[in-house]
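**Student:** Work the whole structure out from these sequences, hints included.
Heads up: the sequence lines are chains A and B, in that order.
My numbering applies: residue 1 is where the first sequence begins, and numbers increase by one.
My numbering applies: residue 1001 is where the second sequence begins, and numbers increase by one.
Be careful, since some hints might not be right.
[Claimed, not checked] Now the stretches of chain A that chain B is said to cover, found in silico as 3 or more residues with beta-carbon under 8 Å:
1. 150 to 160
2. 164 to 174
[Claimed, not checked] Far from chain B, some chain A residues (derived; all Cβ distances over 12 Å):
3. 28
4. 99
5. 130
6. 132
7. 141
8. 205
9. 306
10. 322
[Unchecked claim] Quick list of in silico lysine-lysine cross-link-like pairs, DSSO-like style, CA-CA up to 27 Å:
11. A/138 with A/187
12. B/1187 with B/1241
13. A/138 with B/1298
14. A/138 with B/1241
15. B/1138 with A/298
16. A/241 with B/1138
17. A/271 with A/241
18. B/1138 with A/138
19. A/55 with A/138
20. B/1271 with B/1055
Derived from the structure by calculation, the hints contain no laboratory data.
No experiment lies behind these values; they were computed from the predicted model shown.
Virtual Cβ for every residue (Gly too), placed ideally from N, Cα, C.
Now for the letters of each chain:
Protein chains: 2
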Amino acid sequence: MKVLVIGAAGMVGRKLLEQVAASPDVLGGDIDALTLVDVIEPTAPEALASVASCKAIDLSTDGAAASLIAGRPDLIFHLAAVVSGEAEADFEKGYRVNLDGGRALLEAIRQEGQSAPYRPRLVFASSVAVLGAPFPEKIGDEFFATPLTSYGTQKAIMELLLADYARRGFLDGIGIRLPTICVRPGKPNAAASGFFSNIIREPLSGKEAVLPVDDSVRHWFVSPRSAVGFFTHAATLDLSKVGPRCNLIMPGLSATVAEQIAALETVAGSKAVSLIRREPDPVIEGIVGSWARDFDPKRALELGFTAEDDFEEIIRIHIDDELDGKIGA
Amino acid sequence: MKVLVIGAAGMVGRKLLEQVAASPDVLGGDIDALTLVDVIEPTAPEALASVASCKAIDLSTDGAAASLIAGRPDLIFHLAAVVSGEAEADFEKGYRVNLDGGRALLEAIRQEGQSAPYRPRLVFASSVAVLGAPFPEKIGDEFFATPLTSYGTQKAIMELLLADYARRGFLDGIGIRLPTICVRPGKPNAAASGFFSNIIREPLSGKEAVLPVDDSVRHWFVSPRSAVGFFTHAATLDLSKVGPRCNLIMPGLSATVAEQIAALETVAGSKAVSLIRREPDPVIEGIVGSWARDFDPKRALELGFTAEDDFEEIIRIHIDDELDGKIGA
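**Tutor:** What follows is the structure, encoded as C-alpha cells:
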C-alpha cells in the first residue's frame, strides 16, 4: 500500500506517524511507500524510514498536487491547513492554501483517474469551525454549516467538494470534523483556544498557566491519541456504511473549565491547581463565547469512532504520551 | 443607482427586468445605468433601453468579472448558472461556470474595493438543490446542506463564499434558495422537473402533457412572479436584519401532483385535466423521489418574503402573466 500524508509536520501528522510506526498494520495493510509532505520538510519516524520519502512542498503551488498524485497513493491524509487565526489575518493566503490547495489535490486525483482507473481513499481533516453560533444546546449531525471565520468557510467548502468528488466516483472520501485537541503538547501558543491545554499541561510540569475565561465556560475536547484514532479508523472503515454524508462530527468530551480543573486536582493535586492564575480577558471570552460547547455525534459513534468519557482520562493520556507517565513539579 | 444583472437572458432575469420596467422604483432608487449580461446577448425591455447596455459575456473567462465590476455597480444580481442536468453531465463546465465564475465575481468586487471603498449589494440565486435527501417531513432553516448533485454543490459553495465575503465587509450579500418555479413559461423541456409545469401549461393551451410520476408526489413550488418578488425584496431589504446566515430558504407552496390537477380542474375544467396523459417513468420517479417535498421557511417569512398559498393562485398567475388572462382550447 502507498500512503501519502499532506501536513505531516503538524501535530496530528506527527502523532499519526508515530502511531503507524508503533502499529504498522493500523492503516489496514503493509506500507510499501510512505510520502510525507509539508511546507517544511517533515521527518519520518525511524521505524518507517526505509519506506518513507519526505518532501517540502506547498500544495497550492502549480503542479504540486499532480506531482504527488502521479505516484498513485492508495491512501491520502490531507491534514495541511493555514490555521484559523492566520486565515483570518491573511484572507488571500487562507483561500490559496486551504481552498485552492485542497481543490488542486482533488482535481489531481480526478485527472489521474482519466488515463487509467484510480480511486484512492482521501481522509480529510475538517473542523467544527465549519459551524457557527448561535447553537442549540447539543449540536446534532444535521445542523447546518454557517461558519463565522474564513478558515471555517474554507473547511466547509472542502467538505462539499470532497463529498461531490466521492459521489462522482473520483475518490473515496471521508471528512473528520475535529474537536479541540487537548492536551496539546508543546509550548503555550497564542491561539485563542490555547488556554484549554495550557491550564493542564503547564501545571503538570510545575509551571504557571493563565486562565483568561470564567470557570463556567464549556467546550468540546478530544485527546491527541483519540484524534489520531479518528484518522486511522477513517482509513480502514467500510465507507459504504458512511454514504454520501461523508463529513462527520467526531465524538468528544464536553467539559467546563471547572471540570477540567477538578480533574487536574484529582490527577495531580491541589498544588498543580494553584499554578492556574485567573486573568480574565474579555477579547478571548468573546471569541470563545461563539464556539460550540456540546455535540450529539450519533453517526460517528455508530460508525465506531471513539473518544474520552471524562477529563481525567484526557489528562492521564497526556501524562502517558508526553511525560513518560510522570508528573513534574 | 447602477445595476448589474448577470444571467439577464434567463427566465428569472427576463421576468425581473420586466418587473423593473413596469415599476422603476422597485429596486429602491432611480436606475442611472443598467448592465445586462449573459452568455448570449440579453435584451433590455423597451422602457429601460435608454439606461441599458447589453453584453454577451461568460463570467468564467479571464478578466470578465473585473471588467463588469470596474463600473462599480451598486446592486448586482447574480442569476447565471449552468443548470443541474448540464452541470451533472459536464463536470468541468459546471465547476467553471457555477463556481469559478461566481468566485471571480466575488474576487473582482473585493479587489475593486482595495483602491477605494466599494461595497455593493449582491443578490445571489441559489437553490434548494443545496440540500440532499433523506429529509425530515418539513425542512427547517437550520437543516444541513449535503447536495446530491454537482450543481447543488456549486451553489452551496457559492453560498459559503457569499457569506464569508459579506462577513469580511467586501460586499452586502444575500442568497435566495429558490423553490421549483411553476408554471414555467415556454415549451416543455427535458428537465426532470419539467412535468410539474407541463401538466398545467400545456392543457391551459389545449395541448396534451405527459405526467411521468404518481399523483401522490409532493413538491415545493413558487410562481415566476413571486420568484421575481424574492429578488426585488432582497435588493431593498435591511440586511442588518438578516445577519451572517444570509442564505435563505424562500417561501413556497408544498403541493402534490393530485393537488395540482385538482387546482387545474377548478380553474380550467375537466377538459383541461383530460389532456394529462399518465406515462409512469421510473427514472424520473427515482430522481424526483430524492427531492425536497416541504419546508418551514420561518426566517424568510419573518423577513417579509412572500409566495402563493394555494396552487389555484399559481395557475391564475400564469394565465394573467403569460396568457393575457385567457385560457386557450
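**Student:** Now tell me if each hint is right for this structure.
**Tutor:** Status of each hint after checking the structure:
1. Counting residues of the stretch 150 to 160 of chain A whose C-beta sits closer than 8 Å to any C-beta of chain B gives 5, which meets the bar of three, so the coverage hint holds.
2. Requiring three or more residues with a Cβ within less than 8 Å of a Cβ of chain B, the coverage given for the stretch 164 to 174 of chain A holds, as 3 such residues are present.
3. Listed as outside the interface, residue 28 of chain A is consistent with that label: its C-beta sits roughly 27 Å from the nearest C-beta of chain B, beyond the 12 Å cut-off.
4. With a closest Cβ-Cβ approach of about 9 Å to chain B, residue 99 of chain A is found to fall inside the 12 Å limit, against its non-interface label.
5. Listed as outside the interface, residue 130 of chain A is inconsistent with that label: its C-beta sits roughly 9 Å from the nearest C-beta of chain B, within the 12 Å cut-off.
6. Against chain B, the non-interface label of residue 132 of chain A is violated: not every CB pair exceeds 12 Å, the least being about 7 Å.
7. Taking the minimum C-beta to C-beta distance to chain B, about 8 Å, the non-interface status of residue 141 of chain A is violated against the 12 Å cut.
8. Taking the minimum C-beta to C-beta distance to chain B, about 39 Å, the non-interface status of residue 205 of chain A holds against the 12 Å cut.
9. Every CB of chain B is more than 12 Å from the CB of residue 306 of chain A (nearest about 23 Å), matching its label as outside the interface.
10. With a cut of 12 Å on Cβ distances, residue 322 of chain A stays outside the contact zone with chain B, its closest approach being about 36 Å.
11. Proximity of residue 138 of chain A to residue 187 of chain A is assessed by CA-CA distance (about 32 Å); at most 27 Å being required, the pair is judged violated.
12. Only pairs whose Cα atoms come within 27 Å are accepted, and residue 1187 of chain B paired with residue 1241 of chain B is rejected, the gap being roughly 40 Å.
13. In summary, the hint linking residue 138 of chain A to residue 1298 of chain B is supported, as the alpha carbons are separated by about 21 Å, within the 27 Å threshold.
14. Proposed proximity of residue 138 of chain A and residue 1241 of chain B is supported: the alpha carbons are some 26 Å apart, at most 27 Å.
15. As the CA atoms of residue 1138 of chain B and residue 298 of chain A are separated by approximately 21 Å, the hinted pair is consistent with the 27 Å bound.
16. For the proposed pair residue 241 of chain A and residue 1138 of chain B, the alpha carbon gap of about 26 Å is at most 27 Å, so the pair holds.
17. Taken as a hint, the residue 271 of chain A and residue 241 of chain A pair is broken in the structure, with Cα atoms around 48 Å apart against an allowance of 27 Å.
18. At roughly 21 Å between alpha-carbon atoms, residue 1138 of chain B and residue 138 of chain A fall within 27 Å of each other, so this suggested pair holds.
19. A threshold of 27 Å between alpha carbons decides the hint, and for residue 55 of chain A with residue 138 of chain A the separation of about 41 Å lies outside it, so the pair is violated.
20. Distance check on the hinted pair: residue 1271 of chain B and residue 1055 of chain B sit about 45 Å apart at the alpha-carbon level, beyond 27 Å; violated.
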